[in-house]
Amino acid sequence: MQRTPAQVATSAADPQDPREGLAAVVALRRLLAALEAENVERALAVGWSWTDIAEALGVSRQAVHKKYARRPGFRLRPKGDG
Amino acid sequence: MFERFVGEARRVAAYAQEEAADLASESIGQEHLLLGLLRARSSPAAAALGRAGVTIDEARRAVDQLFEASLESIGISLDEVLERSGAELPPTIVSRARLPFSPAAKRTLEQALDTARARGDRHIGTEHVLLVLLEDERGDAARLLAALDVEPAAVRRALES
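Those protein sequences? They're chains R and X, same order as listed.
No gaps in the numbering here: position 79 of the first sequence is 79 in my numbering, and each next residue is one more.
No gaps in the numbering here: position 143 of the second sequence is 143 in my numbering, and each next residue is one more.
It is worth saying that the hints were derived from the structure and are not from the lab.
Predicted, not measured: the structure shown is a model, and the values here were computed from it.
All C-beta atoms, glycine included, are put in the ideal place defined by N, C-alpha and C.
Honestly, I wouldn't trust all of these hints.
Just so you have them, the derived chain X footprint on chain R, three or more residues with Cβ under 8 Å [stated by the list, open to error]: (1) 26–39; (2) 62–68.
Over 10 Å on every C-beta distance to chain R, these chain X residues come out as not near it, computed from the model [stated by the list, open to error]: (3) ALA13; (4) TYR15; (5) ALA24; (6) PRO44; (7) ARG51; (8) PHE67; (9) GLY86; (10) GLU88; (11) PRO91; (12) GLN111; (13) LEU113; (14) ASP121; (15) HIS123; (16) GLU137; (17) GLU160.
If we take Cβ atoms under 7 Å as the criterion, some of the chain X residues that face chain R in the derived model are [as the list claims (entries may be wrong)]: (18) GLU26; (19) SER27; (20) SER70; (21) SER73; (22) ILE74; (23) GLY75; (24) SER77; (25) LEU89; (26) ILE93; (27) ALA97; (28) LEU99.
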């Protein structure tokens, strides 16, 4: 009987097990990164500068530019391309 | 350290980096190494995983489901967040930053070298990386295999056969 990953995760979800809580933190970080990327892209699309974006994120312009600037190695993926 | 890796093993790190970036991860973990091994299609590791019933598509899906279940465990519905925010996974904009290996993934690659040596192999192949991932019962690759309902021992047998 094949169990789904969700069932495995649920059966492993012991509130006393620190690994479960820490795994949730890691998942949240990934979600945060995806949300940040989406919103940076949206801001760029409507003409915001890196300075504007950095200010809104509360970080330095260098930090946000280093992470997302359009240079070789940076990929902007067409929607729906898995 | 990758100069000792031969054949498709050389590409595993690059594949793992891509998988981690697509998942918006902050580092390359053991689960990404496992995905990287699966993507090295003609490698001994991918063949053994295939014989044990693991495919790249199912493995990726399992990673997604574990992610969703982790968020669910603290009361967050991924569907709802994606719907309301318009965000997508994989993200449409990917950070160009080179991701570091997680400590566990780094240890895995180092131990692959030891495993190769212990077996008298002069080069490190995908099979050595896979063997180390299978050994680490508490690691994220083991968690992924468990989610796929695949026994590490079954993969080990497939590798030796």
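Are there hints from earlier that the structure breaks, and if so, what are their numbers? 5, 8, 9, 10, 11, 19, 23, 24 and 28
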